[in-house]
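Order-wise, the sequence lines are chains A and B.
Just so you know, we're using the numbering used here here: the first sequence kicks off at 1 and counts up by one.
Just so you know, we're using the numbering used here here: the second sequence kicks off at 1001 and counts up by one.
Read the hints as simulated data drawn from the structure, not as lab findings.
Don't take every hint at face value.
Partial chain B-side listing against chain A, Cβ under 7 Å, derived [as the list claims (entries may be wrong)]:
#: 1; residue: E1072
#: 2; residue: S1075
#: 3; residue: V1099
#: 4; residue: L1129
Some but not every residue of chain B turned toward chain A, in silico, with C-beta under 8 Å [to be verified]:
#: 5; residue: S1066
#: 6; residue: E1070
#: 7; residue: G1128
#: 8; residue: V1136
#: 9; residue: E1218
Computed spacing ranges between beta-carbons, pair by pair [what the hints assert, rightly or not]:
#: 10; chain 1: A; residue 1: G87; chain 2: B; residue 2: P1140; range: 56 to 64 Å
#: 11; chain 1: B; residue 1: E1083; chain 2: A; residue 2: A26; range: 46 to 54 Å
#: 12; chain 1: B; residue 1: P1046; chain 2: A; residue 2: W74; range: 41 to 49 Å
#: 13; chain 1: A; residue 1: V65; chain 2: B; residue 2: A1227; range: 35 to 43 Å
#: 14; chain 1: B; residue 1: E1225; chain 2: A; residue 2: A96; range: 26 to 34 Å
#: 15; chain 1: B; residue 1: A1158; chain 2: A; residue 2: G57; range: 30 to 38 Å
#: 16; chain 1: A; residue 1: A25; chain 2: B; residue 2: R1131; range: 14 to 22 Å
#: 17; chain 1: B; residue 1: Y1190; chain 2: A; residue 2: E73; range: 43 to 51 Å
#: 18; chain 1: B; residue 1: R1139; chain 2: A; residue 2: A96; range: 34 to 42 Å
#: 19; chain 1: B; residue 1: S1069; chain 2: A; residue 2: D100; range: 39 to 47 Å
#: 20; chain 1: B; residue 1: R1168; chain 2: A; residue 2: L89; range: 17 to 25 Å
#: 21; chain 1: B; residue 1: A1182; chain 2: A; residue 2: A64; range: 44 to 52 Å
C-beta atoms are modelled at their ideal positions from N, C-alpha and C, and glycine is treated no differently.
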Amino acid sequence: MSDETSFGFGDIQPKRPQREPEETAAVDRVGDSLGFVSRETATIQRKAKPGPTGPTGQFNLRAAVADVNEFVEWCGRERMSYREGFGRLMELKRQAEQSDARSRRTG
Amino acid sequence: MALERPMPVISVANPKGGAGKSTVALTLGSTLAAKGATVTLLDCDPNQPIAAWGKGQDRAGLRVLSEISEREIISAIDAESAERQFVLVDLEGTASRMVSRALSRSDLVLIPMQASAVDAAQAARAVGLVREEEQVIRRPIPYRVLFTRTSPAIPTRAEKAIVAEMQRNGIAVLATHLNERAAFKALFAYKRTLAELDPEKVSGLPAAIENANKLAGEVVGVVRELA
């Protein structure tokens, strides 16, 4: 379009290879570790859906930003509330403990 | 037949405010558009200086997009880069996820800085992020530091010392600086491009245009070299 200009942009074309979408999560982790964190509260203040069963308790915790963001992203990716995400973590913990106990009994 | 190069996405980043990011993005974008390129300016600064500059105006070759969230930045860059020759991303003057995501989609990162130790420290932070992201996305993200608001006459002692230190540390620096010129401030004051400003009202306009052309020429040269 602009071969007539002194810059001659004719060789610069709007073509571009697509990049992998999954690299964004890795980029976010690197950015978080260097302090380039999300400034949009909506991304870390997702409202958990009310749970249908059992009594519930509540506690606050202060955690590393990278851990918080990883947890929030995991919950978002798996389409689960924080309550469900925390429940899954605890389930994984129980499974790991049972596995350890079995190993001790058989070993 | 001309060799086709992928069009460049150029992000302008420095976590420090006041380094001259918006002035660089606007000067570069409007100069490239004036030379015949199709350019999109993505205004990702919460203060929206370029959006305010371009509001209600229509210029050939120059598109200004604003109010882009962290979630939208990558798709906005990808969409614009599919149809425009240059996409310039003016980033906010803070360390944020918006910055890290934009850098991951960039073909060139310009890091404007004034010749001061405070600016140098924050510029180094941007360089650090670029280098870390290169490891993650497994491709180089070329960057160039660009000195802004420097004297067009004689470099100060502090400026020479900072340039020398950067060279010692292997940090790539553009030879052209964006000098301190009334015309670059007038861009925002009058909501005009350099070519549209009135030389009767703005002092040193020809020198500012020459400065902008030289900067655009060097950036285009870097883009071609990297392609």
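Here's how the hints hold up against the structure:
Restraint check, E1072 (chain B) versus chain A: the minimum CB separation of about 11 Å is more than 7 Å; hint violated. Interface hint status for S1075 (chain B): violated, as the beta-carbon distance to the closest one in chain A is roughly 10 Å, over 7 Å. At a threshold of 7 Å, the smallest CB-CB gap from V1099 (chain B) to chain A is about 5 Å, leaving the interface hint in force. Checking L1129 (chain B) against chain A by beta carbon gives a least distance of about 5 Å; that is within 7 Å, so the hint holds.
Hint on S1066 (chain B) is violated. Least Cβ distance to chain A is approximately 15 Å, over the 8 Å limit. At its closest, the beta carbon of E1070 (chain B) sits 5 Å from a beta carbon of chain A; the interface hint therefore holds under the 8 Å criterion. Hint on G1128 (chain B) holds. Least Cβ distance to chain A is approximately 6 Å, under the 8 Å limit. Annotation: interface hint on V1136 (chain B) holds; nearest CB of chain A at approximately 4 Å, less than 8 Å.
The interface hint given for E1218 (chain B) is broken, as the beta carbon of that residue sits about 11 Å from the closest beta carbon of chain A, more than 8 Å. Here the CB-CB span from G87 (chain A) to P1140 (chain B) is close to 43 Å, at odds with the stated 56 to 64 Å. Between E1083 (chain B) and A26 (chain A) the beta carbon distance is about 28 Å. The supplied range of 46 to 54 Å is therefore violated. A hinted range of 41 to 49 Å is violated for the C-beta pair P1046 (chain B) and W74 (chain A), which are about 28 Å apart.
Checking the proposed 35 to 43 Å range against V65 (chain A) and A1227 (chain B) shows it holds: the Cβ atoms sit about 37 Å from each other. A beta carbon spacing of about 53 Å between E1225 (chain B) and A96 (chain A) contradicts the range 26 to 34 Å that was offered as a hint. For A1158 (chain B) and G57 (chain A), the hinted distance range of 30 to 38 Å is not satisfied, since their beta carbons lie about 58 Å from each other. At roughly 19 Å, the beta carbons of A25 (chain A) and R1131 (chain B) sit within the given window of 14 to 22 Å.
The supplied range of 43 to 51 Å is met by Y1190 (chain B) and E73 (chain A), whose beta-carbon atoms lie about 44 Å from each other. Checked against the given bound of 34 to 42 Å, the beta carbons of R1139 (chain B) and A96 (chain A), roughly 37 Å apart, stay inside it. About 44 Å separates the C-beta atoms of S1069 (chain B) and D100 (chain A), a value consistent with the hinted range of 39 to 47 Å. At roughly 48 Å, the beta carbons of R1168 (chain B) and L89 (chain A) sit outside the given window of 17 to 25 Å.
The hinted range of 44 to 52 Å is satisfied by A1182 (chain B) and A64 (chain A), whose Cβ atoms lie roughly 47 Å apart.
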